[in-house]
Structure formats: structure tokens, C-alpha cells
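S.K.: Here is what each chain is made of, one letter per residue.
There are 2 protein chains.
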Amino acid sequence: MKVIKVGLLGMGTVGSGVFEVLKNNAAEISRRAGCTIQIGRVVVRDPEEVRTLVGPDIPLSSDPFDIVNDPAIDVLVEVMGGTTLARDVVLAAIAKGKQVVTANKALLAVHGNEIFARAREAGVMVAFEAAVAGGIPIVKALREGLSANRVQMVAGIINGTTNFILSEMRDKGISFDVALAEAQRLGYAEADPTFDIEGIDAAHKATLLASIAFGVPVQFDGAYIEGISKLAAEDFTYADQLGYRIKLLGIARRRAEGIELRVHPTLIPARRLLANVEGAMNAVWVKGDAVGETLYYGPGAGKLPTASAVVADLVDVARQIEVAPESRVPYLAFQQDQLQQVPVLPAAEMETAYYLRIPVRDEPGVLADITRIMADEGVSIDAMLQRQPSEGANTTDIILMTHRTVEKCIDIASRHIEALPSVTAAPVRLRVEALD
Amino acid sequence: MKVIKVGLLGMGTVGSGVFEVLKNNAAEISRRAGCTIQIGRVVVRDPEEVRTLVGPDIPLSSDPFDIVNDPAIDVLVEVMGGTTLARDVVLAAIAKGKQVVTANKALLAVHGNEIFARAREAGVMVAFEAAVAGGIPIVKALREGLSANRVQMVAGIINGTTNFILSEMRDKGISFDVALAEAQRLGYAEADPTFDIEGIDAAHKATLLASIAFGVPVQFDGAYIEGISKLAAEDFTYADQLGYRIKLLGIARRRAEGIELRVHPTLIPARRLLANVEGAMNAVWVKGDAVGETLYYGPGAGKLPTASAVVADLVDVARQIEVAPESRVPYLAFQQDQLQQVPVLPAAEMETAYYLRIPVRDEPGVLADITRIMADEGVSIDAMLQRQPSEGANTTDIILMTHRTVEKCIDIASRHIEALPSVTAAPVRLRVEALD
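Protein chains in written order, with UniProt numbering: chain A, 1 to 436; chain B, 1 to 436.
Just so you know, the hints here were simulated from the structure itself, not pulled from any lab data. We put the CB at the ideal spot given by N, CA and C, even for glycine. Keep in mind that the hints are not guaranteed to be accurate.
Stated by the list, open to error - To spell it out: a stretch of chain A is covered by chain B in this simulated footprint if at least three of its residues, at any positions, have a beta carbon under 8 Å from a beta carbon of chain B; those stretches are: (1) 130-142; (2) 253-259; (3) 284-293.
As the list claims (entries may be wrong) - As a list, the in silico DMTMM-like pairs of lysine to aspartate or glutamate whose alpha-carbon atoms are at most 20 Å apart: (4) B:Lys303 with A:Asp436; (5) A:Lys2 with A:Asp70; (6) B:Lys23 with A:Asp289; (7) B:Lys2 with A:Asp337; (8) B:Lys5 with B:Glu28; (9) B:Lys230 with B:Asp411; (10) B:Lys408 with B:Asp436; (11) A:Lys303 with B:Asp436; (12) B:Lys408 with B:Glu349; (13) B:Lys2 with A:Glu326; (14) B:Lys5 with A:Asp337; (15) A:Lys303 with B:Asp289; (16) B:Lys5 with B:Asp70; (17) A:Lys172 with A:Glu182; (18) A:Lys23 with B:Asp289; (19) A:Lys2 with B:Glu377; (20) A:Lys5 with B:Glu326; (21) B:Lys303 with A:Asp289; (22) B:Lys23 with B:Asp57; (23) A:Lys303 with A:Glu190; (24) A:Lys2 with B:Asp337; (25) A:Lys230 with A:Asp397; (26) B:Lys2 with B:Asp70; (27) A:Lys2 with A:Glu28; (28) A:Lys230 with A:Glu190; (29) A:Lys172 with A:Glu234.
Stated by the list, open to error - Residues of chain A placed beyond 10 Å of chain B at every Cβ, according to the derived structure: (30) Asn25; (31) Pro346; (32) Arg372.
Required output: the full structure, derived from the provided sequences and hints.
M.R.: Below, the structure written as C-alpha cells:
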């Protein structure tokens with residue numbers, strides 16, 4: 001039986017998961033793949049830490065280029081993370097004609113165009129199922145399963161940390177800070193949670209999804225990114241009253257003028273499956289012109305779920321290693337010379353519906369002033385909620401939901417509303433997606 | 001650019017959808033596939049009916065073997081249905097070295113072992129994404145996306161007709177007969193609905209899912225099949241009160257002794273995503289040892305969704321046509337010589353939890369008698385619900401939910417319960433799956 005030798009770069013959570021899955025399910029994987037996939041070399045910063053786990057038979061060292069320079073290694077599995085050394089090692093491996101499997105979303109979102117171009121010249125694969133939504137085979141679904149479709153929109157809960165925090169805030173009525181502390185205590189959030197809570201990790205993944213869905217180069221720089229740290233407990237209450245849930249979505253949407261690529265807290269109708277994805281789970285909703293809507297749900301992170309995706313890529317690579325490069329599934333789902341240079345639209349041109357929470361003094365005429373401003377900017381109102389002022393207070397909130405409109409109209413309307421004498425602070429703005 | 005010529009057998013709903021998708025999305029598909037996929041011949045019973053749609057340039061006739069005998073045709077797309085003529089045509093095409101794409105679940109569930117064996121001898125592909133859950137790329141997810149996993153269980157809502165009927169029964173509190181008539185009026189159910197409502201269609205699909213998930217030959221004959229026609233409105237009420245929904249599931253479960261392959265109405269906890277799949281939509285839940293639980297949701301039927309799956313298969317076939325057969329993804333996910341002869345367990349050995357609705361006279365001691373019988377058979381009770389008799393009546397229902405147990409124990413307990421003097425009719429039995 002053919003043997004494929006893997007060089008494993010990184011033995012943290014994901015790396016040790018890959019090691020474990022390849023070992024535990026070796027027989028099942030061989031029965032499927034028709035070949036044997038073996039770890040042929042392991043590189044970690046501190047080899048002593050993992051020597052017992054790796055065992056005496058597998059070469060173990062600390063220099064990533066040991067994998068690059070080992071002629072016995074067919075495939076580099078990069079699960080080290082980072083975008084500097086990881087880039088150098090991946091490019092060097094490609095230059096040596098090695099196949100690459102990576103779970104590194106940041107690397108591909110930032111350096112993907114360069115990496116895919118070099119890989120194409122070298123005729124090697126770069127597989128990255130594990131880079132988006134962990135164990136969910138969403139990259140395969142978009143690249144292959146939905147290949148008959150002109151994809152119109154992708155919207156995903158693609159960061160488990162923030163979904164956990166949002167679920168806690170809604171279920172327990174707690175503040176963002178308390179929910180974040182809870183997530184950190186349980187290991188769902190890191191000590192420095194910036195990448196997750198400010199939406200950067202989700203934007204890396206949305207960038208890759210957009211490229212695969214639409215056949216465009218990766219354009220992380222164009223993404224609009226807004227995290228969840230400014231959400232208030234009352235927004236969850238109002239959303240519930242309106243029949244919505246708040247989720248951090250990564251959205252890629254195709255429009256005639258270009259693509260929208262955006263990450264932000266989003267109100268979703270509570271009846272939609274995506275609105276009911278709770279805790280650290282991930283889900284990606286895809287709308288295509290032939291298939292209609294489909295949804296893919298599962299664990300977005302974790303040792304074995306992520307390893308599941310890495311090893312599935314290894315099986316694909318093992319099968320395709322002798323196939324002519326032009327017959328393989330292209331890196332970004334579309335043949336590399338067929339990628340279209342479609343721009344990412346600026347935030348002002350984004351088109352969606354809006355939720356506005358407007359803090360006002362409870363005075364006659366304020367609602368009339370607000371609705372007149374909205375009408376003047378061509379924004380049509382879908383629903384309205386006005387809270388009674390609490391006992392003794394004379395301020396309250398007006399909550400408006402609009403129909404779909406262009407962001408710049410909301411920008412202008414918001415400025416005018418904020419300038420009204422009865423309005424006590426800038427309106428809080430959240431976006432709404434019906435997913436229909 | 002390489003051209004792949006397709007012989008399209010059948011121009012009903014699915015066939016005309018395939019025609020439409022290949023035409024409308026030709027550019028997008030070529031950008032992905034790196035080749036052109038063309039309809040090279042169409043065969044239908046009555047060519048005159050579709051001549052305008054097909055146009056003057058594509059040969060059109062009524063003899064299926066015209067496709068088999070046309071040396072210009074690379075791939076047979078069989079969307080004609082049936083298991084007799086379809087079998088002959090598919091086997092003849094394979095013998096001529098043509099690739100096959102089919103949406104025909106009945107054909108593969110019944111004749112799959114023969115068809116796959118012949119295809120293997122001839123070195124051709126048989127792709128069937130459209131045969132299970134329409135537009136959802138579940139075959140690809142199981143065969144490739146989850147290839148690192150030892151799959152433990154698959155449970156799917158894989159028949160849209162019955163899911164529509166069950167959604168209507170619950171939402172509107174109507175009887176099965178009324179809901180079926182509504183489904184027929186809306187085109188969700190056929191004039192003779194037997195295949196759908198008695199679970200046979202779902203069992204065909206579950207048979208294929210079991211083979212792909214576990215790497216076993218297709219074993220439709222071993223499937224336990226129970227439809228939805230005997231469900232009563234009160235079962236939906238009781239299920240709701242217990243926090244459950246009733247869905248027709250196709251289930252394939254791996255156990256040490258063999259596999260369970262079964263289709264039956266099933267209570268699912270209302271919080272699970274699968275419990276919230278409504279109307280004619282489909283969804284498949286998969287549990288694997290590495291990935292944990294994943295779920296795939298989308299339209300299970302319809303012209304364009306099914307065509308989406310057929311055309312995705314065509315893209316796969318086009319890419320793989322020059323690849324050595326042993327490097328391709330195997331028909332049933334596992335290499336053909338690695339399929340395991342694992343038996344399907346008989347119904348008496350199935351292991352699940354149960355819902356029992358027991359019609360009783362409202363007399364002292366009846367509950368004690370029932371619980372004693374359950375204890376004697378080793379069945380442990382998880383929850384109980386007793387309805388007050390309606391005004392003037394002296395009969396009522398006792399509803400029991402058990403912990404997981406073996407079906408034969410429930411068989412014996414049910415017989416003993418039915419023999420109790422206070423019990424007025426045979427207990428109604430539904431199965432319960434927690435999906436955890």
C-alpha cells in the first residue's frame with residue numbers, strides 16, 4: 001500500500017489532535033484512502049515536551065526547515081500558527097514541491113494570494129479545511145458540493161468564543177464583561193481575547209469563504225470588521241421582543257457592483273436555524289442560485305474537531321498527489337487564472353437592514369422628528385418599539401428596525417437624529433439579516 | 001478547453017433542472033472545473049414534448065440505449081427513475097466504459113452492490129450525490145469531509161413530504177389524513193404517497209448513508225421501516241408537553257454487534273437543531289469520533305436543488321475522468337475491497353429510548369401495575385405524564401418515556417401491559433433519540 005509521509009509542524013492543541021486521529025483511526029482511514037498516511041517528522045519549539053507522546057521512531061526537532069529539507073516528507077502540515085515564520089516555512093515547502101495542509105486562517109487571509117500563486121507554479125496543493133469553522137467541512141461544501149451554483153451569499157457563525165459570549169449574555173442577561181470573564185475561565189476565550197472579540201478571527205475566515213464562494217482573490221484588507229465588545233444587555237432584550245437573536249456573523253455577499261465582506265453583530269429572525277446555534281458551536285449558511293439555502297453546523301474549534309478537518313485534507317491530498325494539477329480542485333474553488341478581480345465594496349455602500357436604539361427624552365414630537373429624518377434619507381421603517389420610561393426617569397429608548405437600505409443613508413440619518421434636542425446620545429446601530 | 005459530453009436520460013423535473021443549471025451557469029461551472037460540460041444527447045419517452053426546450057443542436061430520441069451506444073458521450077446522467085430499465089441502462093453504460101451520475105436512490109439501495117461491482121471492474125465512477133437529501137452535499141461530506149472519522153451515527157430528515165406533513169400536523173393540530181391531503185394539494189405529496197409516507201423512500205436513502213458512513217455493502221433488505229400514517233394528533237401534544245418534536249428519521253448507527261438501519265417516527269428534544277427543521281426541508285445529523293456532531297441542512301428535493309447535486313457530481317466526474325480509478329473517491333467512501341460484511345441487526349435488537357402512550361381506565365393501581373412490568377423487563381422510566389380523564393369519561397392516557405433499552409424488552413413489556421385489565425388497547429409506541 002502506498003505510504004504518504006507527513007511532516008507535522010506544531011504539536012499544540014491541533015497538532016496533538018492530528019497525531020491522535022492518525023493513530024487511532026489509522027485502519028479506518030486506510031480503508032477509505034487506499035493508502036497509509038504516516039507522521040514522518042515532528043517539529044516543535046521544545047521537543048522534550050512531546051518526546052514521550054511522539055515516541056522513539058519519529059524524528060523530532062525544533063527547526064521548521066527540517067521538514068522542508070527532509071526529502072522523505074510528502075506533505076507539510078502547518079498547525080503552528082502565526083503569519084511570519086509560518087509564511088516562510090510554507091513557501092519554502094512549496095518551493096521544494098511538497099504539498100501543504102494548514103489550519104492557519106490568518107496566514108491565508110493575509111498571504112493567501114502569494115501562497116496560492118507559488119503553489120500553482122510548483123504544481124502542489126494547499127488545503128485548508130481546518131482554517132474555517134473547524135470540523136465542519138464547509139470549504140469542501142463550497143468548493144465542490146455546491147460547484148453547480150452561482151453563490152449569492154454566505155453568512156456564518158465562525159467564531160466560537162464570541163458565540164459562547166453572546167449565548168451567555170442572552171441566556172443569563174449578563175454584561176459583556178461578565179460573559180467574557182466566564183468564557184476565559186472555561187477556556188473558550190484567551191487571556192488576550194482581542195482577535196476573537198473584535199471580529200478579526202471571523203474576518204480572516206470570512207475572507208477565505210468569500211474567495212471560495214465567488215472566485216475572487218483574498219482581500220482581507222477590504223473587510224469591514226466590528227466586534228461584540230460594545231453590545232449592551234438591553235439590545236438582547238429588545239432583539240428578543242422583536243423576535244430576533246444577536247449573532248456575530250461573517251458575511252460575504254455578491255452584488256452587481258462588487259462583493260460585501262463584513263463581520264459584525266447581526267440580528268437574525270429567531271426562527272432561522274442560524275439564530276439557534278448556541279455556545280461555542282459554528283454554522284455557515286450558504287445561498288446559491290440552484291440549491292437555494294443550505295446550512296452546515298458543527299464544532300468550530302477544539303483538538304479533535306480541527307484535527308478531523310486536517311486529516312480529511314490529508315486524505316484528499318493523498319488521493320490527488322499523482323493527479324495532474326489542472327485536474328485537482330483549485331485552491332479557491334475557481335481555476336487560478338479564472339479568479340475575478342472584483343472589488344470589496346466600502347462600508348458606506350453595504351446594503352442591509354438596521355436596528356437603531358435611540359436614547360431620547362420622553363417628550364412629544366421626538367418620534368415624529370426621527371421618522372421624518374428617516375423618510376428624508378429614503379430609509380423605510382419596518383418595526384418600532386418604544387419603552388416606557390422607568391419610574392421617575394424622563395429618558396427612554398426608541399428602537400427602530402428599517403427595511404434594507406444603503407449604509408451611507410443610515411450614516412446621514414444617524415447624524416441628524418443625534419443632533420435632535422430630544423436625543424440624548426448617539427444612536428446604537430446593529431445590522432439585521434433576514435437570511436431569506 | 002476539455003469538453004465533457006453528457007447523455008441526459010430523463011427530462012422530468014430533475015432532468016430539466018440539470019439542463020437549466022448547465023446552461024445558466026455554464027461560465028461559472030467552467031471557471032471552477034477547468035473544462036466545459038455539455039449535454040451531448042437527450043433521451044426521453046416522448047421527444048416531441050421537450051424538443052423546443054432542448055433545441056435543434058442536441059440529438060434527442062426515446063431509446064435509452066442511444067446514450068449507451070453513442071461513443072461521443074462520456075457520462076450517463078440517469079434521472080429517469082425506476083429500478084428495472086434504469087438498472088439495465090446503467091449496467092450497459094458501465095460496460096461501455098461510461099461514467100455514471102444518478103439521482104436514483106431506489107436503484108442504488110436495491111441494486112447498488114451489483115452496480116458498484118461492475119463499475120469497479122470497468123474502472124468508471126458512479127456518483128449519486130442527488131440520491132440522498134437533494135441539494136445538500138451530504139454524500140460528499142460523509143465520503144470526504146469526514147474521512148478522518150469513525151462515524152458512530154447518522155440520523156436524517158431525508159424525506160421532505162413526510163416532514164411537511166409532520167410540520168403541518170404539529171402547527172395546525174390536524175390529523176394525518178388532512179395534512180396528507182394538504183401536501184397533495186400543494187404538490188409535496190404524490191397521488192399515491194405510499195413510498196413517502198410509509199418510509200420506503202427514506203429507507204432507500206438511509207441504506208446509502210449507512211454504507212457510506214460505515215463502509216458496508218448496501219443492505220436495504222435489512223432495514224426496519226415504519227412510516228408516519230399511524231401518528232395521532234395527541235402524540236404531538238404529549239411530545240410538546242415533554243419537550244420533544246416528532247420527526248421521521250432515517251437512522252444508521254454503528255454498534256459492536258452490527259449496524260442499526262431504521263426509519264421510524266422519532267421524538268427528538270425540541271432544543272436540537274434537527275427538531276427545528278420544518279416543512280419540506282431536509283437535514284442530516286452525523287456523529288463522528290473526531291469531529292463530534294455536525295449537521296447539514298437544505299432542500300431535499302425540487303428541480304434546481306436536485307440539479308445542483310447532479311451537476312456537482314458532473315464537475316467531480318469531469319475532474320476525475322483521467323485519474324487512475326484507485327485514486328478516486330470510492331463509491332461507498334471505503335475502497336471496494338475494504339467493505340466490511342457487517343450485519344444489519346434485527347428490529348428486536350435495536351437499542352433506543354421509547355415513548356409509550358397507554359390507554360387506560362382511570363382506576364387505582366394501574367400505574368403501579370405498569371411500572372412493575374417495566375421494572376421486571378429491566379426497562380427504566382425517564383419521564384411520565386398522566387392526562388386527567390375528560391369530563392364524564394373514565395378512560396385516559398398514561399405516557400411513559402423510557403431510558404435507552406433493547407426493543408425486545410419493550411416488546412415483552414408492551415404485551416404484558418396490554419393484558420392488564422385496566423388497559424383498554426395496545427400501547428402506542430414511538431422511539432426517542434436524544435442525539436447526544
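S.K.: Can you name, in rising order, the numbers of the hints this structure does not satisfy?
M.R.: 2, 10, 14, 19, 30
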